[in-house]
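Chemist: Take a look at the letters that make up each chain.
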Amino acid sequence: MSGDTILEVRDLRVSFSLRGRRLTALRGAGLDLRKGETLAVVGESGSGKSVLAKTFLGMLDRNGRVDSGSILFDGKDLARYNKEREWLGIRGKRIAMIFQDPMTALNPLKTVGEQIREAAALHRGLDRVASRAVVLETLSRVGIPEPELRYRQYPHEFSGGMRQRAVIAAAVACRPEILICDEPTTALDVTVQAQILDLIKSLQRELGMTVLFITHDLGVVASVAQRVAVMYSGQVIEEGSVREVFYDPRAPYTWALLASLPQLGVKGEELYSIKGTPPSLFKEVVGDAFAPRNPRALEVDFKHEPPVFPVSDTHWARTWLLDPRAPRIEAPETVRRLRARLARGGAGAAATGGADTGKGGAE
Amino acid sequence: MGAYVLKRLGQSLITVSIVVLTVFLLLRLMPKNGYFTREDYVNMDRDARTAYLRNLGVLDDPFTQFGRFLSGLARGDLGRSITVYPRSPVLDVIGEKAPYSLWFGLAALALSMALGLGLGILMARFKDRFPDGAGTVYVTIVRAIPSLIWLFFIQQWVTALLGWPMVFYEDRPVSWVLPTISLALSGIAWYAIWLRRFMVDEENKDYVKFAVSKGLPWKRVMRGHVLRNALVPLVQYFPQQILLTIAGSLLIESIYSIPGMGGLLVSAIRQQDNPLVQALVLLYSVLGVVGVFLGDLLMVLVDPRIKLAESSGKGAAA
Ligand SMILES: Nc1ncnc2c1ncn2[C@@H]1O[C@H](COP(=O)(O)OP(=O)(O)O)[C@@H](O)[C@H]1O
Ligand SMILES: [Mg+2]
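First to last, the sequence lines map onto chains A and B. Numbers 0 to 362, taken from numbering that gives the first Met the number 0, label the letters of the first sequence in order. Numbers 0 to 317, taken from numbering that gives the first Met the number 0, label the letters of the second sequence in order.
Be aware that one or more of the hints could be misleading.
Dumping the calculated DSBU-like pairs for lysine-lysine here, alpha-carbon to alpha-carbon at most 30 Å [unchecked claim]:
1) B:306 to A:92
2) B:218 to A:282
3) A:109 to B:126
4) B:306 to A:109
5) A:53 to B:306
6) B:208 to A:75
7) A:109 to B:31
8) A:82 to B:306
9) B:218 to A:75
10) A:75 to A:109
With the C-beta cut set under 10 Å, the calculated list includes, among others, these residues of chain A facing chain B [as the list claims (entries may be wrong)]:
11) 100
12) 124
13) 125
14) 185
Everything labelled a hint here was simulated from the structure, so no lab data went into it. The structure presented is a predicted model; accordingly, all values stated were derived computationally and were not measured. Note that beta-carbon positions come from the ideal geometry of N, C-alpha and C, so glycine has one too.
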């Protein structure tokens, strides 16, 4: 695709063996990550966001495997990597990841400094003194005050927010090109969430990283990302700029997801929630995976899987509605309301509740 | 730190006192006939028997006797054996036997740790594969089959196979090998099964995934994170295990005729050798309590989350 694509995922299929059965977690997922951007990946829990991210690091659980597809990064197909030696050149060094729960991501018996240092020393080939200096510098960069003291402390001496900063420090100490954030604020207090989001944003700018930001909270998307990929049931079903996906969503699942945004609720009205459950991943999905939950599904939705239809150069969706033969179906009222809202001031600011407390705030 | 140690020592002293006093009083409930060897009893007349008992001091009320025990203890005198080693000072008896149990015990403990921890690491590393299966078979056999059976098997068949002596000779080191191995068999199983379990627990924790995502090679994650953390809950038991080797093993020492401490407490109780029972109970309870205390101190060193002020650490195995 475009020349500035840093990571290109095509038709990725991933399955897990579970008590003798196969569960297909990714059913031909596709995605483009562009150099220097933040791409938000959204979708209900279970849609395959974490599995997708883990394939970029070769960190699928032991019962999982990549069945087909490609993950192109710097001219190499990561989907074909299967030896640890191959991954060691990528993992933590060029692509780093921070996990959801900072309370459990650090080894409780090792000092925070040492846990950051071990990776920095390994990837940058530094000795103890030099790598320590890098860690101290990184600790202050991520807004941890008194880095000398914090270096020697153990994770339990850190608050949740400080721990997430330490985890972020460990991830960025090696200056990765891509930083994957898998729901990095879900486990944190609301006040701390905003600070961590700000930190990720400013680090991205300062270090020139590309960020893949996984969240199920559409509210934060506009404040962190330039582009969005919407996942449903193991596929990316719509991808485009934040503006395009929020203003002009095309896939019925994206409509449903937007309609259930609490920010769109009207006082006194019950908040919309998507009815039904996603299809079983143990079975072959026929047609559009969202069709059974879509009250206005077309006949073809139950028979054939929709291909990717371009909406613009930068926006595409997987839905038969974009087929020239499809009847014209409008987005529901609530989603159009979002459009009006966005026109007035931006959903992001409304959703994150003014997320600009300076970094390093008290925690 | 100082206050904590004092408090723990005070608690330990109370525990030991209760154990010793209880045993002391229970001994006093036993029938008086027990203080005689069979021949003595037959040979003495009524008066001689009474004089003998009075001489032993067992006719006084129990609390007077306990006072006497304590004042002896203060002077470092634990009395003389009555029936097991008639008239020998109890401390001499223990001093003569303890080294055998201690050396065999320590050798066996070192062997258990080396082989058991090694096996545990292999089982965790190759979980659900051959080494794990083989290790599980070993652990199951050691635990499920009564030890008497495999101990006899080793003594009868392995000695025959290797042409080694069937009993212990102080001057023939080759005769020390099988008792040590026999003594270590269950320790190996214990270390292997617990280390495997703790390693598998640790392996599934998030911090391991994060360590891997940082790009550390799996071997380094296993060594620097998983193994290190998995050893922590075991550390607590090290001091106890070391100290209590002195108690010896009843079964193995009697099979190989090792003159250790193994059967001593049992025969002392059966033969109502009060001073010997009291001394052994005192010794074992002091060692037990000190072992637990040292274990807790050790935990503070290896686990930064545990503070001295808290009561005893949390652990698993038993
Ligand atoms: N190790 C595994 N074994 C079996 N199923 C798995 C495994 N990991 C993930 N899955 C399944 O894959 C699907 C996608 O999971 P995930 O990517 O974690 O979803 P999310 O979008 O919430 O991050 C879920 O149905 C999950 O149950
Ligand atoms: Mg997830």
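Chemist: For every hint, state whether the structure bears it out.
Modeler: A quick look at each hint next to the structure:
no.	hint	in the structure
1	B:306 to A:92	violated, 37 Å
2	B:218 to A:282	violated, 37 Å
3	A:109 to B:126	holds, 25 Å
4	B:306 to A:109	holds, 16 Å
5	A:53 to B:306	violated, 37 Å
6	B:208 to A:75	holds, 24 Å
7	A:109 to B:31	violated, 61 Å
8	A:82 to B:306	violated, 42 Å
9	B:218 to A:75	holds, 25 Å
10	A:75 to A:109	violated, 35 Å
11	100	holds, 6 Å
12	124	violated, 13 Å
13	125	violated, 14 Å
14	185	violated, 14 Å
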